[in-house]
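Chains S and D, in that order, are what the protein sequence lines are. Each residue of the first sequence is one higher than the one before, counting from 32 in the numbering used here. Each residue of the second sequence is one higher than the one before, counting from 32 in the numbering used here.
Some hints could be false.
No copy labels: a pair is met if it fits in one copy or bridges any two.
[Unchecked claim] Here are the simulated PhoX-like pairs of lysine-lysine, each with C-alpha atoms no more than 20 Å apart in a straight line:
1. Lys-398 to Lys-427
2. Lys-423 to Lys-128
3. Lys-137 to Lys-423
4. Lys-212 to Lys-245
5. Lys-204 to Lys-308
6. Lys-38 to Lys-244
7. Lys-265 to Lys-212
8. Lys-404 to Lys-245
9. Lys-244 to Lys-423
To be clear, the hints were calculated from the coordinates, so they are not data collected in a lab.
Number of protein chains: 2
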Amino acid sequence: MKNHVIKGNICYSATKDALSVTENGYVVCQEGRCAGVYENLPKEYETLPCHNYEDKIIIPGLVDLHVHAPQYTFRGMGMDLELIDWLNTRTFAEEAKYEDLEYAEKAYGIFAEDLRTSATTRACIFGTIHTEATLLLMEKLDRTGLQVCVGKVNMDRNSPQYLCEESAEKSAKDTEEWLQKCQRFHNVRPILTPRFTPSCTDELLEKLSELQKKYHLPVQSHLSENLGEIDWVKELCPGTSCYGESYDRYGLFGNGCPTIMAHCVHSGDKEMEMMLKQNVFVAHCPESNANLSSGVAPVKKYLENGMKVGLGSDIAGGTSLSIFKAMAMAVQCSKLRWRLHDQSVGPLTMEEVFYMATKGGGEFFGKVGSFEKGYEFDAVVLDDSSLRHPQKLSVKERLERLIYLADGRSMTAKFVNGHVVYRESQDGIKTTVDGNDSGHGAGQR
Amino acid sequence: MKNHVIKGNICYSATKDALSVTENGYVVCQEGRCAGVYENLPKEYETLPCHNYEDKIIIPGLVDLHVHAPQYTFRGMGMDLELIDWLNTRTFAEEAKYEDLEYAEKAYGIFAEDLRTSATTRACIFGTIHTEATLLLMEKLDRTGLQVCVGKVNMDRNSPQYLCEESAEKSAKDTEEWLQKCQRFHNVRPILTPRFTPSCTDELLEKLSELQKKYHLPVQSHLSENLGEIDWVKELCPGTSCYGESYDRYGLFGNGCPTIMAHCVHSGDKEMEMMLKQNVFVAHCPESNANLSSGVAPVKKYLENGMKVGLGSDIAGGTSLSIFKAMAMAVQCSKLRWRLHDQSVGPLTMEEVFYMATKGGGEFFGKVGSFEKGYEFDAVVLDDSSLRHPQKLSVKERLERLIYLADGRSMTAKFVNGHVVYRESQDGIKTTVDGNDSGHGAGQR
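Build out the structure end to end from the sequences listed, making use of the hints.
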């Protein structure tokens, strides 16, 4: 449904430091975009269908800037290795299975359904090197109504034979064919996905750069995650002043090329400066960075410098698709970084992590992640009634509590682009929105 | 029911480094204690009622060595202060409310029910300074069938007037009266609970020591949590060589006095040595120590030194009653401590945190936290079917995944001392155990 209104306790980030709260307010959706938040519904919108979520909390949809769909199968297992060993021991062997479409069908079915029933509305997702499996993943995600970017992964060196493309040329050719087949999707867009510098030859990066320019594609990859990895990149790319330059020298690091770099745990001044100047997005993945003993990114500094930062679940470095968990761990890890390592960068605030999870990451998708006028209408309705309490709480206190304690039972409904993509099945509520819904968001129950 | 058998995939810690897994095995309960784990049920037990939990995972009940019941109301809120400011700004104001029994009734009702439906079977719990509210808490917990220790808190200095007992004498007198009233409980035992050295005069500690000897009571308190707190204790207790000595000089630090000290984030060699020699239990509370920017305790070192260590949720420094979450965060925080701060103490393993959550903390209660012969029969049946996966997983992999991902939907049943205290209501299964159940664990649905 293109035009409607929802009512409840409305929270969104005005800036990284300011949370806007409107109790018992209205958010108006017109043509899939927000037409504003109101304490009292203006006369002109009174004829629109309005669903009253009463005392529930309504927030913008959450954004996951970095997640590996094929790794969802082994989340939370074998968490005893660092990055490179973990890739070689666990990850690559699992990703190789996606050559088998029967396996991919099962695995990606689970991933797509769990992402649909999470509070995430937008995501940037890694597939594997396999074109057919990646198309299958995109097919499944397209039907969820979520708006996501998915990448067929490129890797043509330093990878086990069973997960290594035979040449830069073949990798690029497969990628272009894949791009052509992506045109059939409504909600899913392709994103170029060189795995990371160690697994991509210079020739491959050059060819991907050509594709980027030809098709005006966004790019996602990994950057400065782990100390061992960074040393390896230095060896592999003599003459570069920082890891970021290994992408930048092929035009795959911002500027005209919308770019997400996951992690940036150990980025130095030069790298930060490039990212700031070239509008590269940081996907901060605190749980993964703890699980793989990578460290903690100085995210507060990135935010204060004006860099673009969102959050990522980084399945299966991270264990959970929940961006609430990513918010909580971003605060917690920033406190430990401050206490144990570097007193020059203070702990993150609740406002800052909520901003990163919504408007900060959302910016990668355009006007996304806020209820300000003109933003795409992505909304999540939260039910915190299972978190009982004897005292009166403010909406802001309830939201902070949800950041730490939300679980699979906390979401009542989810909208993307104005369309409902999820609604709790037990509550018995039938809304006017649901019945009239049509188009890409419909029929996803 | 005193004698029965449960069947499923049985996991318990043999040692801190060895997880015992028996697929499709049997645990036998006789007179409330384990009579062993078997791959095939011995003939002598074949006549006992047996409940088959099929492919579910059965573990010993989890142990929470440190939790503040009155703080459950504000878990996950206001997480932007360090310990002393947090106590003064948030905690003390909330605890003062428990003078009002109507408030206590509501708040403790929620706490007791949420603890019952968690995977925790044993806990050491702080109340407030208020005798009546603490008795009310104990009453509610007694009815859950869980086996817990609860303390009326003592504090007679450096506390706001509204939460400060008027003298050491009055505090001790109230405590002795409270102890007498505790005799009516079946499952709940009293534990002496001087809040921490800053809020207890020497006179008070001396009087509590007398009570300890007279009634042979266990003791719980806080130790070396936060740098500011440690400096303060140094000022308050001139002549002591470490924080631990401020309790030890009154005989409240192990030896004949079973003692739990929460946190021990910054314990030095001298303190560690005393704790080891005097069998003081460490309650490691990783989430709280992150939330309050206290740091990360070197728990791996404590374990390797042979010290006694369990886990604590430390509500509301911690946000969640889940000891699964405490396990996951113990691993994660140990990795960050190793990466950011001190390479001499390595990351914790899955085996170590599972040990701490069961047998390590359980030892405070006697033979608790294992399925070895003679241990009290505390068991939790876990259903991981909502964590779907396309590939075959080992039981150990499934257990590790639950440590990271268990939520409110993961528990099917819980036993304490052989009695069922929780059983999932939706599954429609009626077990032979339930119908015959009698005694303190019964009627808690």
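Hint numbers the structure violates, sorted upward? 1, 5, 6, 7, 8 and 9
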